[in-house]
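Colleague: Here are the chains, one letter per residue:
Protein chains: 2
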Amino acid sequence: MNDADRKPVVTVLTAPDEDTPPGLEPLSGLAEVRWARDAESLAGALPGSEVLVVTDFRTGVLGHAWPKADKLRWIHATSAGVDAVLIPEVRESDVVLTNAQGIFNRSIAEYVLGAILMWVKDFHGSLRLQQKHQWKHRDTGRALGERVLVVGAGAIGREIARVTAAIGMEVHGIAREGRDSDPDFRAVHGNDALHEQLSLADHVVVAAPLTSGTRGMFDARAFEAMRESALFINIGRGPIVCTDDLVGALRRKRIAGAALDVFEEEPLPPEHPLWAMDNVLITAHMAGDFIGWRAALSEQFLENLARWQRGEELFNVVDKELGYVPGN
Amino acid sequence: MNDADRKPVVTVLTAPDEDTPPGLEPLSGLAEVRWARDAESLAGALPGSEVLVVTDFRTGVLGHAWPKADKLRWIHATSAGVDAVLIPEVRESDVVLTNAQGIFNRSIAEYVLGAILMWVKDFHGSLRLQQKHQWKHRDTGRALGERVLVVGAGAIGREIARVTAAIGMEVHGIAREGRDSDPDFRAVHGNDALHEQLSLADHVVVAAPLTSGTRGMFDARAFEAMRESALFINIGRGPIVCTDDLVGALRRKRIAGAALDVFEEEPLPPEHPLWAMDNVLITAHMAGDFIGWRAALSEQFLENLARWQRGEELFNVVDKELGYVPGN
Numbered sequence: 001m002n003d004a005d006r007k008p009v010v011t012v013l014t015a016p017d018e019d020t021p022p023g024l025e026p027l028s029g030l031a032e033v034r035w036a037r038d039a040e041s042l043a044g045a046l047p048g049s050e051v052l053v054v055t056d057f058r059t060g061v062l063g064h065a066w067p068k069a070d071k072l073r074w075i076h077a078t079s080a081g082v083d084a085v086l087i088p089e090v091r092e093s094d095v096v097l098t099n100a101q102g103i104f105n106r107s108i109a110e111y112v113l114g115a116i117l118m119w120v121k122d123f124h125g126s127l128r129l130q131q132k133h134q135w136k137h138r139d140t141g142r143a144l145g146e147r148v149l150v151v152g153a154g155a156i157g158r159e160i161a162r163v164t165a166a167i168g169m170e171v172h173g174i175a176r177e178g179r180d181s182d183p184d185f186r187a188v189h190g191n192d193a194l195h196e197q198l199s200l201a202d203h204v205v206v207a208a209p210l211t212s213g214t215r216g217m218f219d220a221r222a223f224e225a226m227r228e229s230a231l232f233i234n235i236g237r238g239p240i241v242c243t244d245d246l247v248g249a250l251r252r253k254r255i256a257g258a259a260l261d262v263f264e265e266e267p268l269p270p271e272h273p274l275w276a277m278d279n280v281l282i283t284a285h286m287a288g289d290f291i292g293w294r295a296a297l298s299e300q301f302l303e304n305l306a307r308w309q310r311g312e313e314l315f316n317v318v319d320k321e322l323g324y325v326p327g328n
Numbered sequence: 001m002n003d004a005d006r007k008p009v010v011t012v013l014t015a016p017d018e019d020t021p022p023g024l025e026p027l028s029g030l031a032e033v034r035w036a037r038d039a040e041s042l043a044g045a046l047p048g049s050e051v052l053v054v055t056d057f058r059t060g061v062l063g064h065a066w067p068k069a070d071k072l073r074w075i076h077a078t079s080a081g082v083d084a085v086l087i088p089e090v091r092e093s094d095v096v097l098t099n100a101q102g103i104f105n106r107s108i109a110e111y112v113l114g115a116i117l118m119w120v121k122d123f124h125g126s127l128r129l130q131q132k133h134q135w136k137h138r139d140t141g142r143a144l145g146e147r148v149l150v151v152g153a154g155a156i157g158r159e160i161a162r163v164t165a166a167i168g169m170e171v172h173g174i175a176r177e178g179r180d181s182d183p184d185f186r187a188v189h190g191n192d193a194l195h196e197q198l199s200l201a202d203h204v205v206v207a208a209p210l211t212s213g214t215r216g217m218f219d220a221r222a223f224e225a226m227r228e229s230a231l232f233i234n235i236g237r238g239p240i241v242c243t244d245d246l247v248g249a250l251r252r253k254r255i256a257g258a259a260l261d262v263f264e265e266e267p268l269p270p271e272h273p274l275w276a277m278d279n280v281l282i283t284a285h286m287a288g289d290f291i292g293w294r295a296a297l298s299e300q301f302l303e304n305l306a307r308w309q310r311g312e313e314l315f316n317v318v319d320k321e322l323g324y325v326p327g328n
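From first to last, the protein sequence lines stand for chains C and V. Letter 19 of the first sequence, counting from 1, is numbered 19 in this note's numbering, and no numbers are missing. Letter 265 of the second sequence, counting from 1, is numbered 265 in this note's numbering, and no numbers are missing.
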């Protein structure tokens, strides 16, 4: 039996309350599959495992079980953000890390465009009036020609740029390094131009990964740089934003509103002041989760596993220094 | 003094509670301007008037004052729909009728796209959960590839088609006569294909003028033809829809939801059952009214007036038999 015929040992780590991911059924024919749902079962499953699939990006059990990873060569995270998986042990190892880039781009872009249009047309206000059975005409805005600043020019940021530009918005990007010419953005500016660009944007969208460079990027000074009329949208990661500073900016009307899918603490605690703000839309970390996303994630992993078993190069390989898949 | 130098008499009919339209200030230098706000003042102003500008499309005072229109040659309605102005006396006269076509297209199209995305992403549901400070993840839909049926392939319907197709939706139209090839729609189907097309659409948008052919078009049978998952959007005119049938279809879950900007009775009465339905968005006949729309209407009329004074052909001339500006 040659190496290509040998079934690899694949451990799948899910959240304790999570069902078996749909679409992974073919895996049992391709690999020896072990299931883990917590630190203990992960520690039991890792010895001998070559591949680890992590579908639980909320808890941090990987660190505890890491010493048992004696044969691990590849970790696949079924999420776009890999911050929860990129613990120092993983970063310093030569284990390859891949992610689910691509799956969520479109649905997240539709979330962003929907939030912008809901805001521009004041559907919030109409729904509030509707609860009082109150007919009240207002003039509202137009998205056409308004300026969108997308912080993070990766795969998700690019899809946001394409969808918002498609309806005639003017879309600029922020990336680690600026560039004049770009297929999706009017221009991509470097991080050092963030505050200047914030002052020009009607809508600010956080679509960056959580890295040491983006953590806390949206602090009081950033909100101070924004327009009073600006809508702030976060579909990236919660800790990119200093939540207390955001709450302060919304309270003092330094910015006009927010649409938030991710938070420093998830679930957002019931007593958090953001819930009660009527210029805020809160969604439960679901912007990318279209009907069928779990099966799509399984399909994507199986496609990469087939490459791995054929000895081919994996796609969606994360640069562990950068914290994301480079080159988008 | 030749005819071109003579100042025409222009009567402007506004609603009783309406301010003088902004942007009409230059008119006083171009014409002898008379203002009317009700049937009585209109009857006093009409004798000798060559031009009548109607900004009030809600009330029906024109009929009462019509016998006084001894020199009237042109009526301009500052709205897209001209049903309120197209009384039999106007229809049978040789007075030219123009409308405000073009001004509202884009903002109405943004309303429609916003309503579709709000629906697809279940922002309604998120806002309801938010009121209870409740974090609840759901999988939601994707607009990409979903089918939009736009009933009415005029200027507004076309802009809706362009904006929804721009983000990758599949857009079909319904017009009096079908055609295979169209620059904006995947296909335009004739009225006789309405029910068949309704059965194929994820989103149904009423963008038709109110005419004898469209009044009551959306009755119980039409809703019966629609998908149970369908969203129904009306930005056309209220009486195109049998409201009781719509309420019945929503109650029986024959259709999934509605976004309604126009109603058979406006304002929608406070006790109307539509207000309390949580799968319905109600707005106060404002889908087209972007900030600055009144000034844009004035500018458009003044542009047509300048043509008229130069003896040139007017634009936006309504075909009084059809009830709209043909040829879009």
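Read the hints as simulated data drawn from the structure, not as lab findings. Hints are not guaranteed to be accurate.
Note that the list lumps identical chains together, so a pair holds whenever it fits in one copy or between two copies.
Claimed, not checked - The calculated lysine-lysine pairs, modelled on DSBU-like cross-linking and capped at a C-alpha distance of 30 angstroms, are:
| id | residue 1 | residue 2 |
| --- | --- | --- |
| 1 | 253 | 136 |
| 2 | 132 | 253 |
| 3 | 320 | 68 |
| 4 | 253 | 7 |
| 5 | 71 | 136 |
| 6 | 7 | 136 |
| 7 | 7 | 71 |
| 8 | 320 | 253 |
| 9 | 320 | 71 |
| 10 | 7 | 132 |
| 11 | 320 | 7 |
| 12 | 253 | 71 |
| 13 | 68 | 132 |
Colleague: A separate judgement is required for each hint: does it hold in the structure or not?
Modeller: Evaluated hints:
In this homomeric assembly, residue 253 and residue 136 come within 30 angstroms of each other (Cα to Cα) both inside a single copy, at 23 angstroms, and across copies, at 28 angstroms. Proximity of residue 132 to residue 253 under the C-alpha cut-off of 30 angstroms is found in both arrangements, the shortest distances being 25 angstroms within a copy and 24 angstroms between copies. Only within a single protomer do residue 320 and residue 68 lie at most 30 angstroms apart by alpha-carbon distance; the minimum there is 21 angstroms, versus 82 angstroms between protomers. Within a single copy, residue 253 and residue 7 get their C-alpha atoms no closer than 59 angstroms, and across copies no closer than 50 angstroms, so neither meets the 30 angstroms cut-off.
When the C-alpha separation of residue 71 and residue 136 is checked against a cutoff of 30 angstroms, the pair qualifies neither within a copy, at 66 angstroms, nor between copies, at 38 angstroms. When the C-alpha separation of residue 7 and residue 136 is checked against a cutoff of 30 angstroms, the pair qualifies neither within a copy, at 66 angstroms, nor between copies, at 39 angstroms. In this homomeric assembly, residue 7 and residue 71 come within 30 angstroms of each other (Cα to Cα) only inside a single copy, at 14 angstroms, whereas the closest approach across copies is 92 angstroms. With identical chains, the CA atoms of residue 320 and residue 253 are never at most 30 angstroms apart, being 39 angstroms at best within one copy and 50 angstroms at best between copies.
Taking the shortest alpha-carbon separations for residue 320 and residue 71, only the intra-copy value of 19 angstroms comes in at or below 30 angstroms, while the best inter-copy value is 81 angstroms. For the identical chains of this complex, residue 7 and residue 132 are neighbours neither inside a copy (63 angstroms) nor across copies (49 angstroms), given an alpha-carbon limit of 30 angstroms. For the homomeric pair residue 320 and residue 7, the shortest alpha-carbon distance inside one copy (27 angstroms) is at most 30 angstroms, but the shortest distance between copies (76 angstroms) is not. Taking CA atoms no more than 30 angstroms apart as the test, residue 253 paired with residue 71 passes in neither setting, with 54 angstroms inside one copy and 55 angstroms between copies.
For the homomeric pair residue 68 and residue 132, neither the shortest alpha-carbon distance inside one copy (60 angstroms) nor that between copies (44 angstroms) is at most 30 angstroms.
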